[in-house]
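Just so you know, the protein sequences line up as chains E and P, in that order. The working numbering numbers the first residue of the first sequence as 1 and each following residue consecutively. The working numbering numbers the first residue of the second sequence as 1 and each following residue consecutively.
The set of hints was computed from the structure by calculation and includes no laboratory data. Cβ atoms here follow ideal geometry from the backbone N, Cα and C, with glycine treated the same way. Treat the hints loosely; a few may be bogus.
As the list claims (entries may be wrong) - Anything over 12 Å on all C-beta distances counts as not near chain P; from chain E, calculated:
| # | residue |
| --- | --- |
| 1 | ARG13 |
| 2 | ASP47 |
| 3 | GLN55 |
| 4 | ARG73 |
| 5 | VAL94 |
| 6 | GLU227 |
| 7 | VAL297 |
| 8 | GLU307 |
| 9 | GLY355 |
| 10 | THR376 |
| 11 | ASP399 |
| 12 | TRP431 |
Claimed, not checked - To be clear about the criterion: a stretch of chain E counts as covered by chain P if any three or more of its residues have a C-beta under 8 Å from a C-beta of chain P, and this derived list gives those stretches:
| # | region |
| --- | --- |
| 13 | 28 to 40 |
| 14 | 494 to 504 |
If you want the building blocks of each chain, they are given just below.
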Amino acid sequence: MNGRVVMNQHGERNAFQVRLAVAALFIFVMFGILVGRFVWLQVLQHDRYLTLAEQNRISLVPISPSRGIIRDRNGVVLAHNFSAYTLEITPSKVGDLEDTIARLKGIIDITPKDRRRFKKLQDETKDFETLPIRTKLTDEEVARFAAQSYRFPGVEIKARLFRQYPLGESASHLIGYIGRINDRDLKKLDESGRLANYRGTDHIGKLGLEQSYEEQLHGVTGFEQVEIDSGGRAVRTLKRIPPQSGKDLTLSVDIKLQQMVEQQFAGRRGSLVAIDPRNGGILALISQPGFDPNLFVDGIDPQSWSELNESPDKPLLNRAIRGEYPPGSTFKPFMAMAALELNTPIVNQVITDPGYFVYGGHRFNDSKKGGYGSMTFDRSIALSSDTYFYQMAVQMGIDNIAKSMAELDFGKSTGSDLPGERPGILPSPEWKKKRFKKAAQQKWYSGETVSIGIGQGYNAYTPMQMAHATATLANRGVMFKPHAVQTITDPITGKVTVVEPTPVKTMSWKPANMERVIRGMEGVMTIGTAAGVFRNAPYVSAGKTGTAQVYSLKGSKYNANAIKEHLRDHSWFIAFAPSDKPTIALAVIVENGGFGAQAAAPIARKVLDYYLTGKLPVDPAATSAKNASAASSAAQASETEESMPEQTEDVPRD
Amino acid sequence: MIKVIWDRIKRPVDPWLLLFIILLFTVSTVVLYSASNRDYERVMDKVTFMGVSMFGMWCIANIQPRILMHLALPAYIVGVVLLLAVEFFGITSHGATRWLNIGITRIQPSELMRLALPLMLAWYFHHYESTLNWRHFVVAGLIILVPFALILKQPDLGTGLLIASSGFYVLFFAGLSWRFLGVMAGGIAIFAYIVTHWDLCINVLHEYQCRRIATMLDPMEDPLGAGYHIIQGTIAIGSGGWFGKGWLAGTQTHLDFIPERTTDFIFAVYGEEFGLVGNCILLVLYLLVIFRGLMISNSANTLFGRLLAGAIAMNFFTYALVNMGMVSGMLPVVGVPLPLISYGGTSMVSILATFGLLMSIQRDRSLMKG
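Please build the complete structure, drawing on both the sequences and the hints.
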C-alpha cells in the first residue's frame with residue numbers, strides 16, 4: 001500500500017517533470033519570439049527607426065536673413081530695415097478673437113486702423129498663421145504685455161525686422177515696396193523652386209526694384225537645427241547654419257535729382273525718366289503722384305488702400321513704365337531718323353507748308369495756321385512742322401515706319417530692370433488685325449498713316465520707351481538696356497558686383513544721318529519750340545517738344561469740375577545733353593500740362609542744369625514762379641509753332 | 001554571537017535567487033536613473049523600496065509552507081470579497097473601477113489576487129492530492145473564474161488574463177489533461193483570430209479593447225492617441241540598434257517621447273540605451289530567475305510547494321513577456337510593469353512576496369533533508 005503510494009508519487013513526479021519541461025520549452029519559445037522581435041527592430045529595421053527617432057527629435061527652425069539695403073548712387077539710403085516689437089495673434093490658438101482683442105485694448109493701444117488692417121490680413125491668410133495686430137511697440141508696451149501675457153494664450157510679442165523707406169513717397173514707384181506673402185506669391189515661389197528659402201519669411205517684394213531684385217535682396221534663409229521634446233519645445237541647438245543677408249543695391253539714381261524733379265511736379269501728374277545714354281543707367285524715374293511705400297509693409301489698412309486705389313490721380317500707377325501716352329511731336333526725331341535711313345525723298349526736298357495737308361480727300365491741319373511756307377528737313381524738326389511729317393509718313397509707308405520704330409523698342413518692353421513695363425502701342429496693319437475683331441475695324445486705312453507720322457493716332461508709348469529711344473539716339477545708335485541698379489554688394493564679404501552695361505545693339509544708322517537729326521533737335525533749343533525755356537543754357541542740348549491729345553476720355557469717371565483740366569493736352573519733352581557727347585537723356589510728360597514747352601520743358605531744363613552744372617534750383621517756390629513765367633513766355637513764343645493736332649478733326653482717334 | 005545572527009538571517013534565503021534579484025535591481029537602478037532624467041531622489045526612493053521589499057521577502061521566506069497553506073483559503077476569500085467591494089464601492093478612474101479607498105491609501109484588490117489565487121489553487125490540489133480527478137479541475141476552474149469575472153467587469157482584461165493565467169499554471173502543473181490543453185490552445189487561437197478582426201471583436205470585447213488591439217496591429221491608425229505609445233516604444237527600441245545609444249544618451253527617452261518611461265515603458269528606455277545586446281542580457285537574467293523558480297518547484301517535497309513554485313516562476317515569466325511584448329509592439333498595451341525593473345512599489349512588493357514564498361518552499365525542502 002505504502003509502496004503503491006510511493007510508486008504513485010514517483011509517477012506523479014515524472015509527470016510533473018514532463019510538465020516542467022513543457023513549461024521550459026514554452027518559455028524558450030516565447031522568449032525566442034521576443035528576441036526575434038528585438039532583432040527585427042534593432043538590427044533589420046534599425047536604420048528606419050533611427051531616422052524616425054531623428055525626425056522625432058530634430059526640428060529645423062528657419063532664421064530669416066536680413067533684407068538688402070537700397071541706396072542711391074551717392075549712398076543715400078532709400079530702403080533699410082529696423083528692428084521693432086510687434087504684437088502678434090495666431091487666430092487658431094485664440095478662443096474668442098473679439099474678446100481677446102477687446103481685452104488687449106486694455107493694455108496696448110490698438111487703433112481702429114490696426115484693427116481693420118488685422119481683419120484684412122486675416123481674410124487673406126490661414127488661421128494658423130501668426131498675424132501682427134500692432135507693430136512698433138514701445139518698450140513700455142512690451143513690458144506691460146509681458147506682465148499680462150499669461151492671460152493671452154495665442155498672443156505673443158515678436159521682435160522683427162521691418163522694412164522702412166526713409167524718404168517716404170520719394171521714388172516710391174522706382175523702389176516699390178514689400179508686402180506679406182500671399183497665395184499667389186507662394187505659388188510663384190513654389191514653381192520657381194524658391195519656396196524653401198522663404199520659410200520663416202513673411203514678406204516679399206511686391207513692386208519696383210523690391211520685386212525685380214527680390215532674389216538678391218532676400219538672401220538665403222538660415223537654419224537652426226534644434227532638438228525638440230515631444231511637446232515641440234526646443235531643448236538645445238545642435239547646429240546653426242547662419243542666414244546669408246540679402247545683397248545691398250546701389251542705384252544709378254541720384255536721389256537729389258529725383259527729389260528735385262518730384263518737387264517740380266508739385267501736385268501735377270506725370271512722369272520723368274532720365275537715363276545715362278552711355279550705359280543705360282537710370283538717373284531718375286519719377287511717377288507723380290506717388291504713395292508712401294511704408295504703408296504696405298505691415299499690410300495696408302483698407303481705408304488707406306481705397307484712398308490710394310480710388311484716387312482719380314492714380315497714385316499707384318507707375319506712369320514711367322505703365323502709363324501709355326501718344327508721344328505727339330516727340331515722335332518726330334525718330335521718324336526723321338528713319339526717313340533719312342530709308343532715304344525717303346522728302347528728306348532732300350524743300351516743301352511748301354500751307355498749314356494743312358490733304359490726303360485721300362481728308363484735310364490734315366497743321367498746328368500753325370497758314371503754315372510756314374517753305375520747309376526743309378532741318379527746320380521741320382526745330383519748328384515741328386506737321387505738314388512736313390504728314391508727307392514724310394505717307395512717303396515712308398506704314399510698314400517701313402513700324403519696322404524702323406520697332407528697332408527702337410517702340411511697342412515692346414525696353415527690358416529694363418523694373419518689373420511690369422508695358423509695351424505701348426506701335427501701330428501697324430498687323431497690330432490692327434490682332435487688336436480688333438471686326439473685319440471693318442481690322443483694315444488699315446492709308447489715312448491713318450498720316451497721323452502716325454506726327455506721333456498721334458494709335459501711337460502710345462511709356463515715358464520709359466521715349467527716354468530709351470532718346471538715349472539711343474543721343475548715344476549715336478548704341479542701345480543699352482535701361483537699368484536702375486548699378487552695383488550689387490554682398491554686405492558680408494563686401495564683394496561688389498557691377499551690373500555691367502552691355503550694349504543691346506547698335507543701330508545701323510549712318511553717322512551723318514544721326515548728326516543731321518541731332519542738329520535738328522539742337523534747333524528746337526535755340527530757334528525752335530523750346531528756345532525760350534533753354535535760353536542762356538551753359539551747354540549745347542538737343543530736344544523735342546510734344547503735345548499729346550487726351551484720348552481716353554470715353555468712359556471716364558471724372559467729375560464735371562475735373563473734366564476741364566483733364567481734357568487738356570499732355571505736355572511732352574525729350575532731351576539730351578551735351579548734344580555732342582551726351583551724358584544724360586530724358587523724357588518728361590506732364591499730364592494735362594498743355595504744350596510741351598509749357599510744362600515739360602522747364603522741368604527738363606532744371607534736370608539738365610542740375611546734372612551738367614551741379615546747380616539745384618535754389619528756392620523751389622521762387623524757381624517755380626520763375627519757371628512759370630519762363631514757361632509762359634516760352635509758350636507765348638512758341639504758341640503758334642507748337643503742334644496742336646487736337647484740332648485736326650480728321651485724325652483718327654482711338 | 002554575530003555568526004548566530006548571520007546564520008539566522010541567511011537561513012531562509014536562497015542565495016541564487018537573491019543574486020539574480022540583486023542583479024536585476026542593479027539594472028533597474030541604472031535604467032531608472034536615466035529614465036527619471038537623473039532624478040537622484042527617485043532612485044533613492046526605489047532603493048529604499050527595494051530594501052523594504054527584500055525585508056518583506058525575508059519575512060515571508062521565514063514562514064513555513066504549512067502555515068502558508070492555512071492562509072490560502074482566507075486570503076482567497078478576502079480577495080474575492082474585496083473584488084466584490086470594488087464592484088459596489090470602488091473608485092472609478094479613466095472609466096474603470098479598480099480601486100478601493102481604505103482610508104490611508106487606495107488599494108487594488110486584483111493585486112492581492114495575484115498572490116491569493118495560485119496559493120488557493122495550490123492548497124486545493126494539495127488537499128486532494130491522492131484522489132485528484134477531473135472534477136477537481138472543474139472546481140479549480142470555478143475558483144479561477146470567480147475573480148477573473150469580477151476583474152473583467154472592472155473592466156480590466158489585461159490584469160484579469162494575467163491573474164487567470166497564474167491560476168492556470170497551477171492547473172497545468174497539477175496535471176490538467178493534454179486533451180483539454182489542446183482544446184484550450186485551439187480556443188485561444190480562435191479567440192485571437194476574432195479579436196484581431198474588428199467586426200468580430202466588437203461582439204466579444206469592449207470597444208476600447210478592440211481599438212487597442214486594432215491599434216497594435218496598425219499603430220499609425222491613431223498615431224497621437226493609443227498608437228502613440230506603441231510607435232514611440234518601437235522607435236526607441238529600434239533606434240537602439242545592436243549596442244544602444246549608451247547610458248543616459250537615449251534621445252527618445254530624454255526628450256520626453258516615451259510616455260510612462262519610469263514605469264510600464266521603462267523597457268523602451270533600456271532598449272534604446274543598451275540595444276539588442278542589453279536586451280538579451282536582461283532576458284538571460286529573467287531566464288535565470290525563472291529557471292531557479294522552476295528548479296525550486298522541481299525539488300519541492302510537497303505538491304503544494306511544487307505547484308506554487310511552478311506557478312510563481314511562470315507568472316514572473318508571463319509579466320516579463322507581456323511587458324516586453326507590449327513595449328516592443330507585439331502585444332496590446334496593458335498596464336503591466338516590467339518585473340523588478342519598473343519604478344513602482346506595489347508591483348515590486350508583490351513580486352518579492354512571491355519570491356519569499358519560493359524561498360520558503362526551498363528552505364522547507366532543505367529542512368526536511370536536514
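Verification of the hints:
no., hint, verdict
1, ARG13, "violated (9 Å)"
2, ASP47, "violated (9 Å)"
3, GLN55, "violated (9 Å)"
4, ARG73, "holds (54 Å)"
5, VAL94, "holds (22 Å)"
6, GLU227, "violated (7 Å)"
7, VAL297, "holds (39 Å)"
8, GLU307, "holds (49 Å)"
9, GLY355, "holds (89 Å)"
10, THR376, "holds (89 Å)"
11, ASP399, "holds (71 Å)"
12, TRP431, "holds (62 Å)"
13, 28 to 40, "holds (count 8)"
14, 494 to 504, "violated (count 0)"
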